[in-house]
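Letter by letter, the chains look like this.
Protein chains: 2
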Amino acid sequence: MFETLRKHVNSQLEMSDEEFRLGTTFLTPKKLRKRQYLLQSGEVCKWIVFIEKGCLRLYSLDDFGAERILGFGIEGWWMTDLESFQAKKPATRNIDALEDSELLMIGPESLEKVSAAVPKWDHYLRGVLDKEYKAAITRISDFVGASAEERYIHFLNLYPDLFQRIPLHQIASYLGITPQSLSRIRKELATRK
Amino acid sequence: MFETLRKHVNSQLEMSDEEFRLGTTFLTPKKLRKRQYLLQSGEVCKWIVFIEKGCLRLYSLDDFGAERILGFGIEGWWMTDLESFQAKKPATRNIDALEDSELLMIGPESLEKVSAAVPKWDHYLRGVLDKEYKAAITRISDFVGASAEERYIHFLNLYPDLFQRIPLHQIASYLGITPQSLSRIRKELATRK
DNA sequence: TCCTTTCCTTACCATACGTTAAGCGGTTTC
DNA sequence: GAAACCGCTTAACGTATGGTAAGGAAAGGA
Chain A
0 MFETLRKHVN
10 SQLEMSDEEF
20 RLGTTFLTPK
30 KLRKRQYLLQ
40 SGEVCKWIVF
50 IEKGCLRLYS
60 LDDFGAERIL
70 GFGIEGWWMT
80 DLESFQAKKP
90 ATRNIDALED
100 SELLMIGPES
110 LEKVSAAVPK
120 WDHYLRGVLD
130 KEYKAAITRI
140 SDFVGASAEE
150 RYIHFLNLYP
160 DLFQRIPLHQ
170 IASYLGITPQ
180 SLSRIRKELA
190 TRK
Chain B
0 MFETLRKHVN
10 SQLEMSDEEF
20 RLGTTFLTPK
30 KLRKRQYLLQ
40 SGEVCKWIVF
50 IEKGCLRLYS
60 LDDFGAERIL
70 GFGIEGWWMT
80 DLESFQAKKP
90 ATRNIDALED
100 SELLMIGPES
110 LEKVSAAVPK
120 WDHYLRGVLD
130 KEYKAAITRI
140 SDFVGASAEE
150 RYIHFLNLYP
160 DLFQRIPLHQ
170 IASYLGITPQ
180 SLSRIRKELA
190 TRK
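Listed in order, the protein sequences are those of chains A and B. Going by numbering that gives the first Met the number 0, the final residue of the first sequence carries number 192, and the count climbs one at a time with no gaps. Going by numbering that gives the first Met the number 0, the final residue of the second sequence carries number 192, and the count climbs one at a time with no gaps.
In short, the hints are calculated from the structure, not lab data. For clarity, every value in this text was computed on a predicted model and none was experimentally measured. Worth double-checking, as some hints may not be accurate.
Repeated chains share a single entry, so a pair holds when one copy, or any two copies, can fit it.
Below, a list of computed lysine-lysine pairs in the DSS-like style, where the Cα atoms sit at most 25 Å apart [stated by the list, open to error]:
#1 Lys33 x Lys52
#2 Lys133 x Lys186
#3 Lys112 x Lys33
#4 Lys112 x Lys130
#5 Lys119 x Lys6
#6 Lys45 x Lys133
#7 Lys87 x Lys45
Given only the sequences and the hints, what does the whole structure look like? Please build it.
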């Protein structure tokens, strides 16, 4: 049940089996079917989730109901709408499953408790936020200075795993362009090779 | 020397004068002249800085030497290149002063110490990172789904203080457009009113 | 199995933004 | 006080991306 999480923890820091086991007692498992919501705008986001298996996406809806994809997650990633989770205010964003998924969830109280009780978990979870933040800055850097084509190439290099399993029109939204533009870019890249 | 910082701390959480004083002993003051670098790409970023007074910017250079502005900071903001600071690797980004500035700096060891010694400071600094992360996601949301004109309007609403004192061509870079495009957008908005 | 929906692509035209070039008031420099 | 620079704007034109529409392959539902 905790295989992927154990691997991810190991990749970040040293943690004994006992410390790991202790931490996992604060986690709530949950299965999500494809298309099922973990969070719908209007609800308060009550969980930070680790993806043991499957694929989620975080997105908002613009004034005309079109999806703006803010991020993806697959096994080995953490995900939440921090805005709503921390403030305990209704979310403006949505999280749903792109594939049948298995999650490990942690709520605000458990988060406090595990951070206080197991310093290693505190470090681990803080490190997760740091990495997310750095990734966000890198993505902003791309938007500020790179063309859609460059952003697509960067995405391929950074997340080859995601590219394999996420529909192209969702990747287009993530890149801030239309599916048609992405299609055009891919054609252009293919002929150039 | 710590007026702005004291105000900022107060705005985030409750902290006694003694706790505050204790924390400030870990800070190193520094003055920076306009155009002076705090960090140049190639150096390791050794500080997280609080801006008591003045204005800084964080930016990278593209292949042709053009500046891509990743962020601004004025009094009451914290700033660093987290990528370089945490990994202790040479930075790819630069930080310099847009105005004569007064900074309070904290290095990696002091950061560890103050976090361990004063729990309130640990919470405070963690909150700062959280806010930065949330702001980054909001900015990404803008890039994914909003036009340049909308991004400009959002910038005005979010950071009216910044708009007053930062040259327009730098704001243009922050928004991911050219100064000419920003000028066009401003004209369009002015005539529409 | 059929029928619907989803996903990807292509084509055509519209538009937002980039590029290049130039001008002009304000400030700094010598 | 020129001269040089800087910040901002405007204009003309080029290009990347958006919008609309349509078709076809693949997947999913009944």
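Against the structure, the hints come out as follows:
{"no.": "1", "hint": "Lys33 x Lys52", "result": "within (12 Å within a copy, 51 Å between copies)"}
{"no.": "2", "hint": "Lys133 x Lys186", "result": "neither (31 Å within a copy, 35 Å between copies)"}
{"no.": "3", "hint": "Lys112 x Lys33", "result": "neither (31 Å within a copy, 46 Å between copies)"}
{"no.": "4", "hint": "Lys112 x Lys130", "result": "both (22 Å within a copy, 22 Å between copies)"}
{"no.": "5", "hint": "Lys119 x Lys6", "result": "within (15 Å within a copy, 32 Å between copies)"}
{"no.": "6", "hint": "Lys45 x Lys133", "result": "both (24 Å within a copy, 17 Å between copies)"}
{"no.": "7", "hint": "Lys87 x Lys45", "result": "within (8 Å within a copy, 35 Å between copies)"}
In the structure shown, a violation is registered for the earlier hints numbered 2, 3, in ascending order.
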